[in-house]
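2 protein chains.
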Amino acid sequence: MALSMYDLSVPVFIRGLGQLSHVLDKGLAHATAQEIDTATLVNARLAPDMFTLAGQVQSASDASKLGAVRLADITAPAFADTETTYEELQARVAKTLDFLKTVDRASIDGFESRAVVVKSRRGEMHFTADRYLLQFALPNFFFHLTTAYGVLRHAGVPLGKMDYLGTF
Amino acid sequence: MALSMYDLSVPVFIRGLGQLSHVLDKGLAHATAQEIDTATLVNARLAPDMFTLAGQVQSASDASKLGAVRLADITAPAFADTETTYEELQARVAKTLDFLKTVDRASIDGFESRAVVVKSRRGEMHFTADRYLLQFALPNFFFHLTTAYGVLRHAGVPLGKMDYLGTF
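Chains A and B are the protein sequences, given in the same order. Start counting the first sequence at 43; every next residue gets the next number (this note's numbering). Start counting the second sequence at 43; every next residue gets the next number (this note's numbering).
No lab work stands behind these hints, which were simulated from the structure alone. Virtual Cβ for every residue (Gly too), placed ideally from N, Cα, C. Errors might be hidden in some of the hints.
Stated by the list, open to error - Calculated pairs, SDA-like style, for lysine to any residue (alpha carbon to alpha carbon, straight line, at most 20 Å):
1) 161(A) to 162(B)
2) 203(B) to 46(A)
3) 203(A) to 162(B)
Unchecked claim - Label pairs and their in silico Cβ distance ranges:
4) 82(A) to 116(B): 36 to 42 Å
5) 76(A) to 146(B): 25 to 31 Å
6) 133(A) to 144(B): 35 to 41 Å
7) 46(A) to 159(B): 21 to 27 Å
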């Protein structure tokens with residue numbers, strides 16, 4: 043009755059990206075209604091040295107793509123971070139969802155002890171797959187979803203936490 | 043080899059609250075160095091109708107406490123949301139950690155199908171325990187951790203994502 047690593051990763055990412063798309067839609071509706079240039083939203087950020095909304099969406103895409111790829115030990119499709127428009131950000135979310143739907147449950151389940159290495163500017167971080175999922179992949183994914191939401195909230199978009207969590 | 047619901051909840055909450063405490067510490071160090079009144083940070087928020095830093099910390103506390111309590115079908119200690127100072131916010135985190143450490147693994151593991159009901163202003167939401175954990179408790183917990191981080195970043199506190207994720 044315990045939960046499998048696939049259940050804890052791919053469907054969680056898919057649900058979260060769906061909510062990100064919904065949050066972006068609400069941002070677009072607000073921009074349209076208020077006659078705000080959508081580029082203002084795409085380039086908005088919470089601090090000068092934080093990523094913009096575009097960077098948060100790209101990071102949420104990467105966090106989920108790399109999360110699934112590392113757990114499954116497969117090769118990631120390359121997504122160049124070239125999105126500069128609202129439509130391109132929505133397309134980035136859509137192609138990430140398309141990729142996640144191709145990840146095979148059998149490539150993840152049962153591999154809790156698989157070695158996962160994350161390279162960063164400060165060196166390599168070594169994990170087992172289960173620890174990577176719980177301590178890095180999931181917190182990192184939700185970080186970028188929430189910060190995208192926060193950027194839009196800060197820019198005046200009317201959103202509530204259920205827009206982030208989704209419907210039940 | 044799959045992951046148990048206890049592993050997916052209580053230790054995740056404990057680690058996250060530890061990082062929240064660390065992030066708050068960095069905020070305090072910044073306020074001290076810059077001679078900023080800590081009340082300015084406690085009352086900071088990203089949008090006029092969002093919670094302040096105090097509200098985010100209280101919500102992260104509640105999200106983890108209620109997450110564990112609902113999964114374990116036990117009674118929650120009452121934490122009044124009366125914190126108005128930085129020290130009180132750190133104490134709130136500490137007492138939440140103290141409570142989480144008392145939650146028995148045996149009260150959570152194996153109860154994936156337990157009925158969980160969350161009451162909100164819009165009515166009741168009904169879950170099985172495993173779905174509640176993955177679709178509500180974890181995303182909600184990380185939402186408040188990340189937003190607390192975002193409030194402090196927006197206020198100029200020098201933080202990086204590893205302050206949120208922790209060390210490995």
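Taking the hints in turn, this is what the structure says about them:
no., hint, verdict
1, 161(A) to 162(B), "violated (42 Å)"
2, 203(B) to 46(A), "violated (27 Å)"
3, 203(A) to 162(B), "holds (12 Å)"
4, 82(A) to 116(B): 36 to 42 Å, "violated (48 Å)"
5, 76(A) to 146(B): 25 to 31 Å, "violated (51 Å)"
6, 133(A) to 144(B): 35 to 41 Å, "violated (48 Å)"
7, 46(A) to 159(B): 21 to 27 Å, "holds (25 Å)"
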